[in-house]
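Protein chains: 2
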Amino acid sequence: MTTHQTAPTRFAEVDGTAYAYRRFGAAGGTPLLMLQHFRGNLDNWDPALTDALAADREIILVDYPGVSSSTGQPAHTVAETARQIIAFTDALGLTQVDLLGFSLGGFVAQDIALVRPHLVRRLILAGTGPKGAPGMHGWRQDIADHARADEPGGEDLLYIFFAHTETSQAKGVEFLGRFLQRDQDRDAPSSLAARDAQYDAVLEWGVPDHAALQRLTGIRSPTLILQGDDDLMIPTKASHLMAGLIPDARIRIYPDAAHAFLFQYPGEVAKDIAAFLA
Amino acid sequence: MTTHQTAPTRFAEVDGTAYAYRRFGAAGGTPLLMLQHFRGNLDNWDPALTDALAADREIILVDYPGVSSSTGQPAHTVAETARQIIAFTDALGLTQVDLLGFSLGGFVAQDIALVRPHLVRRLILAGTGPKGAPGMHGWRQDIADHARADEPGGEDLLYIFFAHTETSQAKGVEFLGRFLQRDQDRDAPSSLAARDAQYDAVLEWGVPDHAALQRLTGIRSPTLILQGDDDLMIPTKASHLMAGLIPDARIRIYPDAAHAFLFQYPGEVAKDIAAFLA
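Protein sequences appear in the order of chains A and B. Note that the first sequence ends on residue 278 in the working numbering; no numbers are left out. Note that the second sequence ends on residue 1278 in the working numbering; no numbers are left out.
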C-alpha cells in the first residue's frame, strides 16, 4: 500500500488547469479530501496524521490552482477557491467525500458544504473560523510577519503553528522532522503570487459581517470542529462560534496547543476523526 | 456567620415593590448577585454551591418582583426583569457586583451587562443562551410539560435538570435532599401567574433573530460561561455561541450533565467560579 511518503503526485486536468494531487490509503468507502492551509502544499501535511487516517480510508491531498505543483491562477477569494475544488472533485468523478479543511482550507470547506451540500457527507473544520466573524480580519502583526515571510523556515512555522510553551514547541520540532522526511518527488514550494492571492482571500473572508454568520445555519453535513486552546492565528473562539451555529456540530479543543494542534497530536486527532467518520 | 440555611429573608423597597432577598457570606469585596431560573425562588439554589461561594465573598439571592415572597407584578419580558433587578441593586446602594445568572437568570444578566455595563465587574452565565439564538424559542414538549406543571415535584426537577443517566439522576436526588433542608423561614412557592409571565419572557427572548446575536459583542465584562454537556432545556450549543461572540469569554462544559450541572457539581463549579472571580 502506498503511504504519505510514497504516494506519487498525480494530475487532474480541468479546463487547462492541472491539479496536483496524491491519493492513498484503504480504498472502498467515502474518501477523505483534505484542504490545506495558507501557502501549504502536498508535503505540508503531517504524515503521522495522514497515514493514521489512511489506515481505514482513502485520503486525497490536493494543491489549489496556482499553488505549488498545480498550474493555473491562484484564487483571490474563498468562494472562487471552493469552485475550483468542486471542479477538481468533478474531474475525479467523486460524488461524495468527507471533507477536512485546515485553516484557509476550512474556509473553503465551509463554502463547499454550502454551495454543494450533497457532495459533503461529513465535514471536519480544523483551526478555522466563519466568514465575517469577529477577530478574523487578518492576523495579528507578529503572526502575519512570520506567515508572510518571503522565505519562511522552520522557526516561522514553530512560531505560527505551535503554542509558545516548551512542551508545544518540542512537539513542533518533532513535526518539522516528520514533514521534511519525504525525499522523493517532493512538491514545489508555493509562489509569492500564491501567497498574496491567498492572503487577499483570508482578508476578504474576515471582513466583519455579522449577517454572514447566519450562513453557518445552512450547513447540513454533520460537522466536527477541532482546534487548539490558544490559536494565535485564528482565534479559538471562532470555533465555539461555529459550534454554536452549525446545526449538527460537535467540538473538541486540544490543550496547550495553537493553530497546528493536528500536527501536535496527530495520533489523537486521527482517532477523533476516525470515530466521527465511522 | 450566617449561611444559606440561616440567612434571614429581608426586603428592599422600590416604588412600592418589596424585593425579597438574602445576603450572607464573607463581606468586604465585590458581592456576587445570583439571578434565579424559571419559577425558582430563594430556596431553589443549592446550599452546597452558595455556601462554598460564600466562603470568600458576599452572596445576594433575590426573588424577581411578583415571584414567591417579592411583591409587585412579574415581568413578561427579560428587558423589564433586567430593569427591575437594576432598581433592586440601586435600592441596596450597590455600585458594582459580580453577576451570576442561571437559565432565565442568565438572560436577565446579559441584559443588565448591556444596559448597565459599569455595574457588572464580572459575569457568569450558567445554563443559558443569547437572545434570538437558534433552538431557544421555547422548550421541547417533554421539558415544557415538566417545567410548567401546575404543581411540580421532585421528579419534574430530576427530569428537567439532570441528565437522563443513572449517575446524573443520583446526583439529582442528592440535590433534592440539600435544597429541601432549610426548615425555618422558607420562601413562598412562586405563583402560576409568575410562571406564565416568565414563560412569556422565555419565549420572547427566544424568538429567532440572528441580528440580535450581535448584542453579545457589546458585553464588556469578562465572562465565564458554564454549562452541562447535554442540556435538554437550553441547548448546550447556545453556550458555545456566547463563547464565540462575547469578546472576553471563557467556557467550561461539565460532563454527563444537563441544565442544573451547577447543582450536580456544586463544589467543582464553586471552585471554577472562585478562580474566575479572584
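Rather than coming from a laboratory, the hints here were simulated on the basis of the structure. Do not rely on the hints blindly, as some may be mistaken.
If you want a taste of the chain B side facing chain A, the calculated C-beta under 8 Å gives, among others [stated by the list, open to error]:
no.	residue
1	1134
2	1153
3	1217
4	1251
Note that beta-carbon positions come from the ideal geometry of N, C-alpha and C, so glycine has one too.
Structure-based check of each hint:
| no. | hint | result |
| --- | --- | --- |
| 1 | 1134 | holds (6 Å) |
| 2 | 1153 | violated (34 Å) |
| 3 | 1217 | holds (6 Å) |
| 4 | 1251 | holds (6 Å) |
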